[in-house]
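There are 2 protein chains.
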Amino acid sequence: MLGESRVIVRPTPLCAETPQDALAAEITPAGLHYVRSNFPFPELDARTHRVRVDGAVGEALELGMDELARLPRRTLGVTLECAGNDRLTLAPLPAGELWGGGAVAAAEWGGVSLADVLARAGVAPSALEVLVEAADEGFAGGNEICFARSLPMDKALHPDTLLAFEMNGAPLPPEHGAPLRLVVPGWYGMASVKWVSRVSVLTEPFAGYFQRERYVMDYGAGGPAVPVAEMAVKAVVTEPRGGEVLGTRPVTVRGWAWSGAAPVTRVQLAVDGGDAWEDARVHPASHSYLWQRWEYEWASRASGRHTLRVRAHDAAGNVQPDSPRWNRLGYGANAVRSVVVEAR
Amino acid sequence: MLGESRVIVRPTPLCAETPQDALAAEITPAGLHYVRSNFPFPELDARTHRVRVDGAVGEALELGMDELARLPRRTLGVTLECAGNDRLTLAPLPAGELWGGGAVAAAEWGGVSLADVLARAGVAPSALEVLVEAADEGFAGGNEICFARSLPMDKALHPDTLLAFEMNGAPLPPEHGAPLRLVVPGWYGMASVKWVSRVSVLTEPFAGYFQRERYVMDYGAGGPAVPVAEMAVKAVVTEPRGGEVLGTRPVTVRGWAWSGAAPVTRVQLAVDGGDAWEDARVHPASHSYLWQRWEYEWASRASGRHTLRVRAHDAAGNVQPDSPRWNRLGYGANAVRSVVVEAR
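Note that the protein sequences, when read in sequence, are chains R and A.
Sequential numbering of the first sequence, starting at 0, is according to numbering that gives the first Met the number 0.
Sequential numbering of the second sequence, starting at 0, is according to numbering that gives the first Met the number 0.
FYI, nobody ran anything at the bench for these hints, they're computed from the structure.
One or more of the hints may lead you astray.
Footprint (simulated), chain R over chain A, 3 or more residues, beta carbon under 8 angstroms [as the list claims (entries may be wrong)]:
hint : segment
1    : 88-99
2    : 275-287
3    : 328-342
Since this is a predicted model, take the numbers as computed values, not measurements.
Cβ coordinates follow ideal geometry from the N, Cα and C atoms, glycine included.
Using the sequences plus the hints, can you model the full thing?
This is the structure:
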């Protein structure tokens, strides 16, 4: 059994999953929320840390944490999923961290709109993207670099794209980007740059390593490798757990569903194979960009092994596929999975 | 945890897997050996049961169990795998019983060579196949039929193709085909017809339901659907178990490997992804057609989660593929699987 601590996938730089037990809660405790880092954590002091805002702006700025805190406060519940979550479901197994299903979690993030910060600097009409750089550093792609990703202007200026300094009502822990991180609701986690040191308005597309060489969907066949963005629609089962032994009496199957594109409108469940998909009850998200609760009453079952499959649909017409679409770097794996349980 | 009883996949007609614990043993106890049946078990009395031998033979016969027992005795250790084993690894999930990895087992079968029985009847020069029929019956493919499969002459006349009446030194249990079953070493289990009531020498290819509509490899695209025959090369890990929590000190990873085509010559193991395949130690089969033991010394590991992948090669040049080759009915799934464990 997995206990009440994160499951380490790589010790250094730390990559760790939310433990299965913790996935049952709507808000994940900060200490159990999955962590993905590409380089060692930078040690930043909130009292002296400053974020630089520059590039195609009217006036370049440097803002301390106290100055940021004086901007209008915004708090959002957000489910974040790592782009590589469920990579283990892909075959052949791609390179990269071997995430199972635990690189997803939900938290309440407090901070300010990135748009308000950009407004203070004044965005030039020629602006195309906003680059956000981390204070970490390491060797990747043949160079000493920091983690950095860009956002298109509409996403960068969306009021719900946050520069966050609080997680679940407390200051950010180091592994989650203290003292300041980006939170980009609806997008895979790589967009939510941690340890933010610089926000730079660009007039050309950013072509850095983590934008062009990693976190891109590369289906091979010479097609363009598009940067990963919105989270694909997905449902997870939190109860029962895979391998669990149940009785034969009625139980409630439940879990979460989310999509970066639109609200989840339908969750379906099939028992023991076949195409007899039945509708689960789907609740609206209780707050902002949190995952949505779904439940299904599983009336009874014979003794023996049973297989549950669940799939979610969103309001944009997306549905989880029956088989994963393999891509070289193993991102966005959202195919229907089988949860196998036993009744006795 | 799975206990010391078979894992029921379908209660009636019984389909049940060998429990994980029992896979560690070289010979599976009869009561734990996986069972695949298509129709309810027929109730046959060994004292009165007779097998008819007819078709393109010099003289049709009916033999009782006592007459069969007077032919030269032959005992073979044989690993049998269901053609649908590991169907759950295929996506989209095909129709059919949802076998995980437990539809495989090994037993010692005692009986007589089918060839000796056929010799008594005298096989006509025009013989093309030998049809073996079971005494069960049920509704399938639109007709009331019995389970029946044919073998090509070379396989039917191979001295190791048995009409068996003993399993692990005792009379056959009902679910394993009492009082008489076929055992076809090296082939998937569907060839080893249980409850044998008739052996018929054919001069035309058999076109029955279980030969042409089921137990065929149908890759779609209009290609011919070929009857399933030899077991594909495969390795399984019996220790550690998936989900097991290990320490960080050296452990031995071990399991079994088999192939219907030829002996297993090489088993390789990759830790935590990538292409650094290392050789495991492979032992010869201790008897006849039994699976082969392999072992790998896993020196040490950091705390956290680890992924083991194992693949087997056989002397005919076959190797387990990195990804499953999907087929409509879900047979022969032998792609490399990931075993995920945790170290603390």
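Do the hints match the structure? See the list:
Three residues within the 8 angstroms Cβ limit are the bar, and the segment 88-99 of chain A against chain R gives 7, so the coverage statement holds. Check on the segment 275-287 of chain A: 0 of its residues sit with their Cβ under 8 angstroms from a Cβ of chain R, so the three-residue criterion for coverage is violated. Check result for the segment 328-342 of chain A against chain R: holds, 5 residues qualifying (beta carbon to beta carbon below 8 angstroms, three or more required).
In terms of the numbered hints stated before, the structure departs from hint 2 and from no other.
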